[in-house]
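Participant: Each chain, letter by letter, is given below.
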Amino acid sequence: MLSLDNLQNRRKVLGVLVIGLCALAPVAANLLDEPYYINLFARLMIWAIAAISLNLILGYGGMISFGHSLYLGIGAYTVGIFAYYDINNFYIQLVAALMAGFCVALVFGSICLRTRGVYFIMITMALTQMIYFLSISIEEFGSDDGLIIYVRSELGTDLISFDNPIHRYYVIFLVMIACLYFSHRLIHSRFGYVIRAAKSNETRMEVLGYPTFRYRLACFVIAGVMCTVAGVLSANVEKFVSPDIMHWTRSGELIFMVVLGGMASMMGPITGALVFWLLSEFFARITEHWHLIFGPFLILVVLLSPRGIDGLLALKRSAND
Amino acid sequence: MTDVLLRIKDLNKSFGGVLATDNVTLDVEQGEIHALIGPNGAGKTTLISQISGILESDSGEIEFDGKPITRLKAPARSLMGIARSFQITSILKDFTCQENVALAVQAHFGHSFNIWKPVASETNIQNRAISVLDSIGMSEHCDTIAGELAHGEQRQLELAIALAMDPKLLVLDEPLAGMGRLDSAKIIEFLKGLKQKFTILVIEHDMDAVFTLADRISVMVYGRLIASGSPDDIRGDSLVRSAYLGKD
Chain A
108 MLSLDNLQNR RKVLGVLVIG LCALAPVAAN LLDEPYYINL FARLMIWAIA
158 AISLNLILGY GGMISFGHSL YLGIGAYTVG IFAYYDINNF YIQLVAALMA
208 GFCVALVFGS ICLRTRGVYF IMITMALTQM IYFLSISIEE FGSDDGLIIY
258 VRSELGTDLI SFDNPIHRYY VIFLVMIACL YFSHRLIHSR FGYVIRAAKS
308 NETRMEVLGY PTFRYRLACF VIAGVMCTVA GVLSANVEKF VSPDIMHWTR
358 SGELIFMVVL GGMASMMGPI TGALVFWLLS EFFARITEHW HLIFGPFLIL
408 VVLLSPRGID GLLALKRSAN D
Chain B
72 MTDVLLRIKD LNKSFGGVLA TDNVTLDVEQ GEIHALIGPN GAGKTTLISQ
122 ISGILESDSG EIEFDGKPIT RLKAPARSLM GIARSFQITS ILKDFTCQEN
172 VALAVQAHFG HSFNIWKPVA SETNIQNRAI SVLDSIGMSE HCDTIAGELA
222 HGEQRQLELA IALAMDPKLL VLDEPLAGMG RLDSAKIIEF LKGLKQKFTI
272 LVIEHDMDAV FTLADRISVM VYGRLIASGS PDDIRGDSLV RSAYLGKD
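These protein sequence lines are chains A and B, in that order. First residue of the first sequence? That's 108 in the working numbering, and the numbers climb one at a time after it. First residue of the second sequence? That's 72 in the working numbering, and the numbers climb one at a time after it.
Hints in this document: simulated from the structure, not taken from any laboratory. Bear in mind the structure is a predicted one, so any value in this text is a computation, not a measurement. Ideal Cβ positions, reconstructed from N, Cα and C, are used throughout, including at glycine. Possibly wrong hints are sitting among the right ones.
[To be verified] As a list, the in silico DSSO-like pairs of lysine-lysine whose alpha-carbon atoms are at most 30 Å apart:
(1) 268(B) x 257(B)
(2) 119(A) x 257(B)
(3) 263(B) x 138(B)
(4) 263(B) x 80(B)
(5) 188(B) x 119(A)
(6) 257(B) x 80(B)
[To be verified] Reference listing, derived: stretches of chain B covered by chain A, where coverage requires no fewer than 3 residues with Cβ under 8 Å from a Cβ of chain A:
(7) 77 to 90
(8) 177 to 187
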């Protein structure tokens, strides 16, 4: 029997609960006869994937990117633009999106990572806003009205189709689990240790013999590419993409999810995404000006538990001891 | 004729108007323990930051193992065999002792772009980390979170990290800083044992330690090297006495 006195066990229980909830949401939605919830949870998991990728650089690497939604936009727009030209093959779209995400992250990363602190935050945001305004200015692809995607990506098999909400849901679910597993492997690898150590003491790492810039850049690119996948999935849920997906407030929401769930914790981004959405729904029901409550609430969370929900789990232990 | 491992020539560094390193010329010979002493603010730490590559020099040359390294950055110098410890303990406090040391080992075991294999399963890295911790008498602390160690032990770990890099030159910035008498004695003994294996450049304020350990001593005051020689020479040097040792 699992003892809840142990932090690791509490984390496991939370992880099982959250993943179990995601795994069973469509079943529950069908039982409740509320198919609307399937797409809602699919959207939530897409946020979670984006947050998992952001957690790699923000949580583990200490790189506070305020422009991470850019990669959601790259993924979604790649699908949108390919669909616009009647190229609906999923694999072609995916490879193109990953390559685009890779190139942009490589170029932007090598610019941003020359700065630190507030400058890093500002320049990641500025570069993303630049692409945001670019997407607004291209009339061919709908400018600020967005681009309607008439045909979802074709998986090239009759067995699964993105048009089936249940299929779509579980593809997203599996991608989320894969991203979670990947980031788990990554942070425990040699590379992961270098990234985490460079966050806490960069000078030390340089003196040990690590050219930290390269490692941070590689991490930045990995996170960007992973987030691009979330964008590709998003386009297939919404059948629509607009510049809004990469507005800076979206990047801010991603940061909130990571911080809320607990930076540098495995399950943090997913719980963060879930709780973020629940809270915004809850506050939105109370008042139209829900951001007014939500903002201070988030500040309160950061002040009371800097390590978010994951930090609360750890807090309970010391109270018990 | 002994071999010179580290050669510093006419090195300068200023911060604003302050000359922190003023035309320093210094040789560290292969196999010696070379102590760098001087009052606080003399520029000792600045000098070794220039040696380890954290600070860029304004002018002058640094040569290591016969190769010019003045233009190289810190990681490249580290890989050539310069290991540095810090005066202000800069261990990774959230990591265990073994992880701290393993990171130092790993840096010199090829690149670290492997994103898949758990580092805990890389036995060659872990075994080396454990044996370094063992050699410094910290084997029981392998799994201790570094931040939870007592101050003296943190200083020891700092030293272990430098040793784990298996360097040609060990540059130690006040390894005894803030240590109690007993801990100090232990570290002095340990450093004595390293004498045969490493060349060491050490900054230290503990004069007993300096005169016990050092083969040669250089004295720095206001960024300038005012004397360099054997412990006996330094003890007898009137310039040094008045500038530094002369208080008692």
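Participant: Next, verify each hint and record whether it holds.
Facilitator: Here is what the structure says about each hint:
no. : hint            : result
1   : 268(B) x 257(B) : holds (18 Å)
2   : 119(A) x 257(B) : violated (43 Å)
3   : 263(B) x 138(B) : holds (28 Å)
4   : 263(B) x 80(B)  : holds (28 Å)
5   : 188(B) x 119(A) : holds (22 Å)
6   : 257(B) x 80(B)  : violated (35 Å)
7   : 77 to 90        : violated (count 0)
8   : 177 to 187      : holds (count 8)
The earlier numbered hints that this structure contradicts are 2, 6 and 7.
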